[in-house]
Amino acid sequence: MTLPGAAPLPALVPAASEGRLIASHASTMAVGQLAVMAFGLTDTLVAGRHSELSLAALSVGSATYISVFVGMMGMLQALMPVWSKLYGAGLNHAIGPSFRQAWYIAGVGAVVGATALLAAGPVLQGFAVPQAVLSEVLPYLNVLALALPMGLAFRLGSTICQALGQPRWVTALQMGGLAIKVPLTIWLGLGGFGLPAMGALGCALATVLAYALMLAGMLAVLRWDAALRPFRLLRWPEAPDVRQLRAFAALGLPAGLAVLVEVTSFTLMALLIARMGATASAAHQVAANAAALLYMVPLSIAIACSARVGWALGAQQPERLEQALRAGALAIGVWAVCVASALWLLRSQVAALYSPFAAVQAMASGLLAWVALYHAAD
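Numbers in my numbering are just positions in the sequence shown, counted from 1, shifted up by 832.
Note that these hints are calculated values from the structure, not bench results.
Any given hint could turn out to be false.
Claimed, not checked - Cβ-Cβ distance ranges computed for the label pairs, FRET-style:
#1 Ser1173 / Ala926: 41 to 51 angstroms
#2 Ala964 / Leu1157: 26 to 36 angstroms
#3 Gln963 / Ala1052: 42 to 52 angstroms
#4 Ala926 / Tyr1206: 35 to 45 angstroms
#5 Gln1076 / Pro1015: 40 to 50 angstroms
#6 Gly1198 / Glu1151: 21 to 31 angstroms
The C-beta atom is built at its ideal place from N, Cα and C for all residues, glycine as well.
The whole structure should be built from the sequences, with the hints applied where relevant.
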């Protein structure tokens, strides 16, 4: 069963094209994911040129924000197979109501996450973050508490687009967000045209404005795109369905916690390293940003494989499922070997791109050697 105007079921294509489907989906997603990660890259470059203190504050603040955001995001991303399976089975009429129930999950996550960011001060003090760094971190997190609900809402929209084989809109909006984010970050972070340089705080303000415009674009796509309109995704949500929300929680909470545990290790390192001074924090921020940036390609491959697996399950085609997994594993293996080798050889040059300070470059170069080994395994 296919609604008028809906995209044809991707699960029904010839099996031989499975690798090409994953490559097409993943490459589209990778461009968008790299655009989002370029938000952090832009912040790092601008803060690094503002001062070592701003870069150190960005290291602590971004690590704290990412821990909260990624944990909440993991819960929403885990729902993609639910909708891709419905799509593969041809149950298009059930996708809209199911998607609207997920807004309740996103709403709770936004409240919990924003509260955690606003109350982060005592936790950071407990880790003995230097007062000079803390004085810049707390305003940074207060501003990003506004960005988090918009970021989660955008992520929910991008998840349903990926599940329904429409990643192009996600990528277009992420690229548009980057086009807004870069000049705003440079302006607000380094000053000009009558505004003082705000360092890390300016980076946060630029992020809020970029996410607001990205979310507005995503809502327009979900409402008016020809391929998505038949699913009626943005109708007024039905009353909470306890059974469905419980099923969402059973799927999303373990996934979110698994991601949270992994990302929190980076946050703890950032907080502990902050006690060693601004130079150490700045070098850690360089290494952490490079690691996150490189991870976006294998993540995109994994997302594409997840969508294909859901479609195969819904269409009851187990042989397609196996082909999707094999194609994804091969692509990720090739990426890991090539990129880890390149980073190992070019680690000094990469460090120099991030910061003009010799002390930061020297320390970051050593850390990037470990990032290369870590990335290959990750």
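We went through each hint and held it up to the structure:
1. Ser1173 / Ala926: 41 to 51 angstroms: holds (46 angstroms)
2. Ala964 / Leu1157: 26 to 36 angstroms: The hinted range 26 to 36 angstroms is violated for Ala964 and Leu1157, with Cβ atoms some 49 angstroms apart.
3. Gln963 / Ala1052: 42 to 52 angstroms: The hint (42 to 52 angstroms, Cβ to Cβ) holds, given that Gln963 and Ala1052 are roughly 44 angstroms apart.
4. Ala926 / Tyr1206: 35 to 45 angstroms: For Tyr1206 against Ala926, whose Cβ atoms are near 41 angstroms apart, the range 35 to 45 angstroms holds.
5. Gln1076 / Pro1015: 40 to 50 angstroms: holds (43 angstroms)
6. Gly1198 / Glu1151: 21 to 31 angstroms: violated (47 angstroms)
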